[in-house]
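Q: Sequence:
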Amino acid sequence: MKTMRALSLIAAIAFAAAPVFAQRQEPLPADLEDVGIDEHLGDNVPLDASFTDETGRRVTLAEYFESGRPVILNLGYFSCPMLCGLVTNGMLEGLEGLAWTPGDKFAVITLSIDPLESHTLAKLKKQNYIKEFGRPAAATGWHFLTGAEPQIKRVTEAVGFNYAWNDDRQEYAHAAALFVLTPEGKISRYLYGIEHSPKDLRLALLEASEGKMGSAFDKILLYCFYYDSAKGRYAPAAMNMMRGGGFLTILVLGVGILVMKRRESRRADPAA
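Numbering (my numbering), first residue to last: 61 to 332.
Do not rely on the hints blindly, as some may be mistaken.
Stated by the list, open to error - Cross-link-like lysine-lysine pairs, in silico, BS3-like; alpha carbons within 27 Å at most:
1) K246 / K259
2) K165 / K185
3) K246 / K165
4) K213 / K259
5) K259 / K165
6) K191 / K246
7) K191 / K165
8) K213 / K185
9) K183 / K165
Simulated from the structure, these hints should not be mistaken for lab results.
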C-alpha cells in the first residue's frame, strides 16, 4: 500500500491539471482537446442502458438502483496501462476505510469504456479487486460491466465523461474521476483525481442518499461539511458547524435540566 500511495501522489501531480494519456504525461494532440469532464449535476443516467456483467448476464443499469441505494460509478477500461488502475485503486483504498461495504448501503459499478473488452476480462478484474479488498461480501455489490459502444456512450455522455481513442498510442485518453449517483439515478457529485479519502466517499454517499443512510451522527456530519470543488474534497462548513455545535449544546443542556428536575421531583415525593 505504501508503494500505491507513492504512485498515487506522483500521478495526482501529473494528472491534476488536465486530461491525460494513461502511459506518460505529454501535451494532448489538437483532436483530443475536448477530452475531459463536463459536469451535469442533477441530470439522470440512462437506467435502461444495457450491458453484460462479469458473469456474462445481460443487465440494465436499473437493476443496480432497485434497492434504493446510492451508486458509485467508476469509468475506465480493464486493459488500461496505468490511469484507470490508479483511479480504481484509489477508490478501493477509500472504501477500505469505510465501515460500509458495497452491497450493504451502496453499490459500485465499474464500467469499461472499451467496447472490445469482454465479460471474461471483467470477471478476472473483479476477482482481483475483491481479493485485494478482503471483504468477500462486496462481490454482491461491486459490479464490473462491459458493453457495446452506443450503450457506453449513453452513459458517458450523460455524466459528461469525454474521452477519445488514440491510434498511435493504442489507448484511450480520459480524465480521472468518480461519479456518485442517487438511488434514483441522478448525478449527485463528481469526485476528481485518483485519491479519495474515506471521509469524502462517506460524505458523498450520505449526500447522494439525502441523509437516508447512516446514523444520526452521520447526518450531523453531512450538515457540517460541504463539497469544495476548487479543492476537490469536502471541507468544514464553519457556520453550519457553529449551528450544529450550538444545537448539540442546547440538546445536552436540555437533557441535563430534565434529569435534574426528575431527581428533584423524586426527592420531593416521599412515595418515590
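Q: Run through the hints listed earlier and report the numbers of any the structure violates, in increasing order.
A: Violated: hints 4 and 6.
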